[in-house]
Amino acid sequence: MNYHWNWGIFAQQVQAGEETYFDWLLSGLGWTVACSLSAWVIALALGTAIGVLRTTRSRTLSGAGAAWVELFRNIPLLVQMFLWFFVVPELLPRELSLWIKQDMPAKEFVTATLCLGLFTSARIAEQVRAGIQSLPRGQRDAALALGLSSAQAYRHVLLPRALRVIMAPLTSEFMNTFKNSSVAYAIGLLELTFRARQMQEDSEQGIETYIAVTLLYFLCAFIANRVMALIEARTRIPGSIG
Amino acid sequence: MLDNLDLEVVRASLPFLWTGLLFSLKLTLVAMTGGIVFGTLLALARLSPFAVLRNSAAAYVNILRSIPLLMVILWFFLVIPLISGKPVGAENSALITFTLFEAAFYGEIMRAGIQSVPRGQVDAARALGLGYAQSMRDVVLPQAFRNMLPVLLTQTIILFQDTSLVYAIGATDLLKAAEISGKNYNRPVEMYLLVALIYFAICFTLSRLVRRLQARVAIPR
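In order, the protein sequences belong to chains A and B.
The opening residue of the first sequence carries number 1 in full-length UniProt numbering; numbering runs sequentially from there.
The opening residue of the second sequence carries number 1 in full-length UniProt numbering; numbering runs sequentially from there.
These are calculated hints, taken from the structure and not from any lab test.
Wrong hints could be hidden among the right ones.
Partial pick of chain B residues on the chain A-facing surface, computed with a CB cut under 7 Å [stated by the list, open to error]:
1) Gly34
2) Ser66
3) Met71
4) Trp75
5) Pro188
6) Val189
7) Tyr199
8) Cys203
Even for Gly, the Cβ is constructed at its ideal location relative to N, Cα and C.
Only chain A is shown next, with the shape it has when bound in the complex (with noise of 0.2 Å):
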């Protein structure tokens, strides 16, 4: 194996422009963290309520629910990520389509974010029904027993339990978004993907360029499963197993 190592290159200019190469890395990284964080938040919140659809004896909501999640997970990533950018603009009214096209501000971001929070939705979905239908019938019936309108009864009974039962899949679910993001670069995100693929081929130290940005993929995976782990620990009620 003929390779020319330079581990300074990190420190060197880029070949146009005055930033360093460390600092394109860094915004990188900077994008990576506010999508995936962002498209977390959407997820979390989409992902519990479609899963609460999924569990009403309403078969309209659960079965708008499984559409939802069906639609979600046979599609790949990437291409929902091409329906996103090229095809939905296509289809709203012709002034707003123009004012996405040319003037909506951090298009590539907001875009890359809303996909990839959609797209995690519907696994995160998944895990609220498998979390709400493993809590014993019991919970339910003595909630609404008791008085609880079948709203209150998942507000206060069986969310709180349920999304504690799948904290380990949620755990997992939550690094993957950090991973999943790297897909927002085909869109024309400056993320840790793009930027890495971009060092490489203006500096032509590919292998130092992708240990970098390797390592800083499993810092964030690393850094979101401690934070998980944190939050698990603290929510646990005592007395619970596990």
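Place chain B on chain A using the hints.
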């Protein structure tokens, strides 16, 4: 708006999309077969009494599972030519990458499968005089495989969706073929819609079949 969709373009591009789809399917099948074989070896290594084997298999699996597949694809595309000393092309690079990457995921499924086989089965096999290799091959692995068949197939559906990421190194899979057609005819909207529909139809049908299979393959106890 959608009322001026050009269906003629869709028809004209179908043969090219078909060759793209064939590559996606080939990549899925190769990575599935290779991934299950290599993954089963990884699972056996992770369950072996030798610490060196156990730890290196665990490291392999954990590293690959914690970086984005897209980065893995770019890594191999960069490194394989450096190691082999000659360019291998995007298609071959994709075949190697997906086999090695999916092995980490299939391996974890097989490990769970092996652990799901009751301990008594292994004891009985050993008591009958079968060696390690024989008891694994003839007793444990067939049951593990059967128990995990639905999960293995679900992973394969995910794998099929993930093959769209070879877009990044320029291999012509279904998605890349659609993008090229979209550029050639200047009708990207039709092409992206069509390709989403194809992926959806395939994945939805397969996941329905897996669900039906699930009830059938369970080993009665």
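Going through the hints against the structure:
| no. | hint | verdict |
| --- | --- | --- |
| 1 | Gly34 | violated (21 Å) |
| 2 | Ser66 | holds (5 Å) |
| 3 | Met71 | holds (6 Å) |
| 4 | Trp75 | holds (6 Å) |
| 5 | Pro188 | holds (5 Å) |
| 6 | Val189 | holds (5 Å) |
| 7 | Tyr199 | holds (5 Å) |
| 8 | Cys203 | holds (4 Å) |
The earlier numbered hint that this structure contradicts is number 1, and it is the only one.
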